[in-house]
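Undergrad: Please model the complete structure; the sequences and the hints are all you need to start from.
Taking our numbering, the leading residue of the sequence shown gets 804, the next gets one more, and so forth.
Each hint should be verified, as a subset may be incorrect.
Computed Cβ-Cβ distance ranges for the label pairs, DEER-style [claimed, not checked]:
id	residue 1	residue 2	range
1	SER929	THR1009	15 to 21 Å
2	TYR924	ARG805	51 to 57 Å
3	SER965	SER833	49 to 55 Å
4	ALA1076	ARG805	56 to 62 Å
5	TYR924	GLN1038	31 to 37 Å
6	GLU993	ARG1052	32 to 38 Å
7	ASP1001	GLY912	37 to 43 Å
These are computed hints drawn from the structure, not numbers from a lab.
Even glycine gets a Cβ: it sits at the ideal position worked out from N, Cα and C.
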Amino acid sequence: MRKGQNPAKFVGQVARPERITAAVLSCAPSLHGYHAESLDVLKACLNSLRTTADLPFDLMVFDNGSCEEVQQYLLDSHRRGEIQFVILSERNLGKGGAWNAIFQAAPGGVLAYTDSDALFYPGWLSDSLRLLETYPSVGMVTSRPFRTPPEFYSRTLDWAGSDREVTVERGSFIPWETFREFDLSLGQEEAQVRRRFDSTDDVRLTFRGVPAMVGASHWQFVGWTSVLRQFVPFQMDRPMGQVRQLDQRVNAAGLLRLMTAEPRVMNMSNSLAAVPAPGSRPIASRSASPARRLLNLPLVKRLLLGLYDRVFRWYYTD
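TA: Here you go:
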């Protein structure tokens, strides 16, 4: 038999979520090897997101089977009020499984998603939201311009070519240092980056006075929560490598994929060392040592990465 009345019956109102939910996906199964700096990278991501966002938001973190140290940090941050929602997964569900949960759980009408290795700069949220609210039928807005595969933004070009209010320009609009900084953060070689810069171009749109670059990416984006929910569930049988399903689905649905004209977010990858300090020069290229040249030989690289993958699977997959 119930004893007394539930005090909640006498509460006149409940808290309402913010219009924007910023969602971060974390995954650090250990703090060794490749993941040695993962907790520091996660802390830098969350700190930059909180301190540079210029609009109110609730912060949600979905942790995809991280080690105890990472999950304890997230719980402590939640208790301090730094994170509003924490979802801890016992196992790594992959990015698709995480998206299935995040897209459905986000309470805000706007979802700002990011991987946990993104470093945010001032203005990222308002710049992204401006594109989302100005352009029609937007699927996703990434807070940095870079060159993405044209097959993933074909429907954006179709719309731009059919609307008389849109100005379409082709050329090299991303400065070399901005382009170089991002591609080097992905582990590419300087010569490879230069060739891609010289052999590709950008597409810039202007609609109702607001410029945007064509393209977007699954690693960081802002979108309408109700629109993003249309694309779940995702069925991915690997933790990574199939994440372009979202890019493909957004394009196939005829929704726009856009990027801010200015870089408002940076990819840290798995190390803080790859991130230039504010006001410093971008990542510098270095001459490869003999040992590095040996490690970069295709056969050696393939064998060693294959061994690393096998060891990783032994420890961190069923």
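Undergrad: Which of the numbered hints above does this structure break?
TA: none
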